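Peer 1: As a plain string of letters, each chain reads:
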Amino acid sequence: MMLSKGLKRKREEEEEEEKEALAVDTWWLDPGHPAVAQAPPAVASSSLFDLSVLKLHHSLRQSEPDLRHLVLVVNTLRRIQASMAPTAALPPVPSPPTAPGIADNLLASSDAALSASMASLLEDLSHIEGLSQAPQPLVDEGPPGRPTGGAPPSLGALDLLGPATGCLLDDGLEGLFEDIDTSMYDSELWAPASEGHKSSPEDGPGKEEAPELDEAELDYLMDVLVGTQALERPPGPGR
Amino acid sequence: MAGAGGGGCPAGGNDLQWCFSQVKGAVDEDVAEADVISTVEFSHSGDLLATGDKGGRVVIFQREQENKSRPHSRGEYNVYSTFQSHEPEFDYLKSLEIEEKINKIRWLPQQSAAHFLLSTNDKTIKLWKISERDKRAEGYNLKDEDGRLRDPFRITALRVPILKPMDLMVEASPRRIFANAHTYHINSISVNSDHETYLSADDLRINLWHLEITDRSFNIVDIKPANMEELTEVITAAEFHPHQCNVLVYSSSKGTIRLCDMRSSALCDRHSKFFEEPEDPSSRSFFSEIISSVSDVKFSHSGRYMMTRDYLSVKVWDLNMESRPVETHQVHEYLRSKLCSLYENDCIFDKFECCWNGSDRTVERVQYFKL
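Heads up: the protein sequence lines correspond to chains W and L, in order. Counting in the UniProt record's numbering, the first sequence runs from 1 upward without gaps. Counting in the UniProt record's numbering, the second sequence runs from 1 upward without gaps.
These are computed hints drawn from the structure, not numbers from a lab. One or more of the hints may lead you astray.
What the hints assert, rightly or not - Dumping the calculated EDC-like pairs for lysine to aspartate or glutamate here, alpha-carbon to alpha-carbon at most 16 Å: (1) L/101 <-> L/33; (2) L/351 <-> W/66; (3) L/101 <-> W/64; (4) L/101 <-> L/87; (5) L/24 <-> L/41; (6) L/101 <-> W/66; (7) L/254 <-> L/279; (8) L/126 <-> L/89; (9) L/101 <-> L/35; (10) L/254 <-> L/212; (11) L/94 <-> W/64; (12) L/54 <-> L/35.
To be verified - Now the stretches of chain W that chain L is said to cover, found in silico as 3 or more residues with beta-carbon under 8 Å: (13) 62-73; (14) 76-83.
On a predicted model such as this, the values are computed, not experimentally measured, just so you know. Built from N, CA and C at the ideal position, the CB exists for glycine as well.
Working from the sequences, and respecting the hints, build out all of it.
Peer 2: Written out as structure tokens, the structure is:
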């Protein structure tokens, strides 16, 4: 009994609408966007990397993590990390005209609830990472993307989670993420944002770092905002 | 949660029409978490429809008898039986709560007036017997009509109890409890064509049970690596072949399907067939693996084909050809440009099911009703 080929559905009209919406939501990943077209792939990859690290942490914080979700996120993280340049020092990126507007609007419109959830999220994750040091100026971290050394914090995260992770820790899953180095993101992500606003850039060793600083700050602020939303699924559609 | 969306891909002709026949349950926004339906399964005849919810309940609907005065109307389904299948449990050893959410329901082939089904949550599978009672015995010798026991020494005459009709009562009783065999979350159960055994699959292992034996099971597939650091793939679904009781398939999070023959060895770690479609280089992205993860696999009734569901498509495979599917149906291709947003809000990890219609001629799938 032979089955004939299935028909492909045509959704041209809706595709255009969706693409417009995509441009607003994730402009930094839209290859047609002028900023992204000029920006190196590392910018988009690092945003996705941050998001994936957030997801990983969130997944590990569950009392019994969903193994499928965990494995898929880890594999995606590995793909992203493999695609990122080894010395991911971001060259100066021309500031996209729309980006500050979007960021300002987002910051301006973020209400107390969002700020509160961001603050509590950062607090929770900083507990996991065991960070207790004062916020450090980004400049002292060296070029973004370079590891700051020390033990992989992902391993530390799992250790700090304690016995609540139950069977996964027992199975030795803590070594699963050793090859994923997230150390350069952890301090960057949490230290300045814990003040709830952009930290004023410290005087760096070179002027060329100043515009780079703004771009990086904007990036991770966007990411944290997106990351906050990523942890809350929108209500599912009705029947 | 994916809304109900009928999708029909008629293989021959375009005369198939889909429409909502009935909507059961609450249609407003205020639905309690426990009432969210987590699995649905028709019986083999289609007369019964079982639903499981997050609260551990099973509700069975029965199709009403066809009305001869309305021969073209579709039979409506009405509630037939409701019972609490699973309760939340606490694993004291690991300090973890075990959800009562019903992950899967599978009907056993009907061999008597009673119906049997298997229902499972993350850790425990239960065999339920659903039987009808429409007669009541009256005239017992040793007890009164209200149930009180009589003193045997006061009985001077014997009588034969008489069966009298009563209002139909549907009883659900647990017959077997298959527990403590899965370290990870059970995602699939499948009854074998021998009607004696069934399999249960979790993220890393597949166990074979006998329906009569609850205190042990055989492990037939184990993909847990010796070193958990090397874990890159999990089992997502598994099913027995509809006719060959020695053949089963299981799908993985990497988009592969393995067919195993239990005759070849006790532990089916080495597959007999390996189905994987090569990745299209033009559509490669960071999310390629996630969207290729197979969420459901179903054999056709003939046993010649199998169907797999991944995030964006339904694929029909010929069991004789491992290199690629014979058919690919895009379910919601318009989502391909939004994968990043879907990754952000975790929708990209949603799982869908698929099933064949009775004649293996159409492919039915569930898709997002609206995003």
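Peer 1: Next, verify each hint and record whether it holds.
Peer 2: Cross-check of the supplied hints:
{"no.": "1", "hint": "L/101 <-> L/33", "verdict": "holds, 10 Å"}
{"no.": "2", "hint": "L/351 <-> W/66", "verdict": "holds, 13 Å"}
{"no.": "3", "hint": "L/101 <-> W/64", "verdict": "holds, 15 Å"}
{"no.": "4", "hint": "L/101 <-> L/87", "verdict": "holds, 8 Å"}
{"no.": "5", "hint": "L/24 <-> L/41", "verdict": "holds, 14 Å"}
{"no.": "6", "hint": "L/101 <-> W/66", "verdict": "holds, 14 Å"}
{"no.": "7", "hint": "L/254 <-> L/279", "verdict": "holds, 11 Å"}
{"no.": "8", "hint": "L/126 <-> L/89", "verdict": "holds, 14 Å"}
{"no.": "9", "hint": "L/101 <-> L/35", "verdict": "holds, 10 Å"}
{"no.": "10", "hint": "L/254 <-> L/212", "verdict": "violated, 35 Å"}
{"no.": "11", "hint": "L/94 <-> W/64", "verdict": "holds, 10 Å"}
{"no.": "12", "hint": "L/54 <-> L/35", "verdict": "holds, 6 Å"}
{"no.": "13", "hint": "62-73", "verdict": "holds (count 8)"}
{"no.": "14", "hint": "76-83", "verdict": "holds (count 4)"}
Consistency with the previously given hints fails for number 10 only.
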